[in-house]
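Chemist: Spelled out, the chains give:
Protein chains: 2
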Amino acid sequence: MPNFIGISSNTVDRAHLLTTSYRNFNTPYGSYFVSKPNRKSFVEQRINQPNKFVERRKEIADKALEALAKKGYAKTSLRDIAAQADISLGSLSYYFEDKSALIQYCTRRYKRKFISDLLDLTTKPLSTKEFVDQFIDIFVHAITEDQDVHRLWYDSKIQSLFDETFQKTVGGIEEELSNMVTVVIHHLESLSGKKSPTSPQQAYWLLDGMFQHFLMAGMFGEKHIDKKLQKELKLFFSAVT
Amino acid sequence: MPNFIGISSNTVDRAHLLTTSYRNFNTPYGSYFVSKPNRKSFVEQRINQPNKFVERRKEIADKALEALAKKGYAKTSLRDIAAQADISLGSLSYYFEDKSALIQYCTRRYKRKFISDLLDLTTKPLSTKEFVDQFIDIFVHAITEDQDVHRLWYDSKIQSLFDETFQKTVGGIEEELSNMVTVVIHHLESLSGKKSPTSPQQAYWLLDGMFQHFLMAGMFGEKHIDKKLQKELKLFFSAVT
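Chains A and B, in that order, give the protein sequences.
Going by my numbering, the first sequence opens with residue 290, and the numbers climb by one from there.
Going by my numbering, the second sequence opens with residue 290, and the numbers climb by one from there.
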């Protein structure tokens, strides 16, 4: 039963995952699928030139992120972003067609780093305990240090429910996150020799719900979310280790 | 370990739930907590008069929902909402202080109905199979028929990460959802005599992640999400029944 992000949602057919969904990123489980190319827009076409344009775009995105991450998609104007990036509105639109393209670029850039950091763990010779501890460290760091980036991801995700220009980017990242969790669960199963009581797909939903919960708790000013998230992740992993 | 929404997140202390969090809504597990009163604004003060004002407010909210549900918080102006509700901007602001108050009112009104429909099941003399089937029916209906209302909930949830005026409403609904899942899990445990492998809190996160996934899949045009959601819910419940 392949779902809309192209991964079978109940019992995952391992062979299918390895040959179809995982490309471009090497893990012991095969190479990992990173992204499908978008239909190329006028601006996107320039990106294929690996030159100053690409580098300048990254610089602008880093600065734009500060404005976007502060107020969110709904309340940030291109004018705010141009001011934050210290460039003119005209220059900004040379690099990004509109606000939607910009938030999608930022989300993809930072979320992909998070995914590859977690996937990297499966390529290291770690014990089960070391693996779980390092996974938890990355998760906790995301909630306590990089919350603005991850908040933007959920902002993009919601925009995709109203604005179909977000669907390709959001669907792609959702697929990468889900595939990453599948690799992690299979890796843990092979380390521990146990079978996860939760399907990899449902494990992804659980981790996603947990992540959102602690992101929100942190934003709402709750104390010690690092310790609480650690405890919940240990409980989650205890079932498969 | 009580979390920011006031429910212990790992092993739930049943007595605490029954005496502290559940009020105003009768279930076999005690009466269910529905909401904390907000600090009263100028508009809110009028609400205590159970009169035409309250009724008119509901009517406007029903119409406003059509505008909000179509385009989302970011892209709907008060002007759009006034046009949809066929009243002047001045009249609209007599009933709702701003867009944020309006979306919160709509979200609370419709999400609470969903929660009480699910909680009602625990008060009926149903077998385990009947309970699970009816729970699944309500979930599937929410995804296939009421997706606009639930989409607004996630929109409000994201706004709460950027705008603290949303925190009270969103935190309150989040608490009600989480408490509802706790009641459901305990009810199933008492029906089946089995212990859920997932804590009630983690079960809520799993169901929330699943719900979002199928909401998104439906919006993205994926086919047969009713059947797919049914299958995932059956898998989820099979662990505790």
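Keep in mind that the hints are not guaranteed to be accurate.
One copy or two, either will do: identical chains are not told apart, so a pair holds if it fits within one copy or between any two.
Stated by the list, open to error - When the alpha-carbon atoms are kept at most 27 Å apart in a straight line, the in silico DSSO-like pairs for lysine-lysine are as follows:
| # | residue 1 | residue 2 |
| --- | --- | --- |
| 1 | K364 | K388 |
| 2 | K341 | K520 |
| 3 | K457 | K516 |
| 4 | K402 | K341 |
Quick caveat, the hints were computed from the structure, so don't treat them as lab data.
As the structure is a prediction and not an experimental result, all values here were calculated from the model.
Chemist: Next step is simple, just say for each hint if it's right about the structure.
Modeler: These are the hints, each one checked on the structure:
1. For the identical chains of this complex, K364 and K388 are neighbours both inside a copy (11 Å) and across copies (13 Å), given an alpha-carbon limit of 27 Å.
2. Taking the shortest alpha-carbon separations for K341 and K520, neither the intra-copy value of 45 Å nor the inter-copy value of 50 Å comes in at or below 27 Å.
3. In this assembly of identical chains, K457 and K516 lie within 27 Å of each other by CA distance solely across copies; the values are 24 Å between and 35 Å within a copy.
4. Within a single copy, K402 and K341 get their C-alpha atoms as close as 22 Å, which meets the 27 Å cut-off; across copies the closest is 55 Å, which misses it.
Checked against the numbered hints given earlier, this structure breaks only hint 2.
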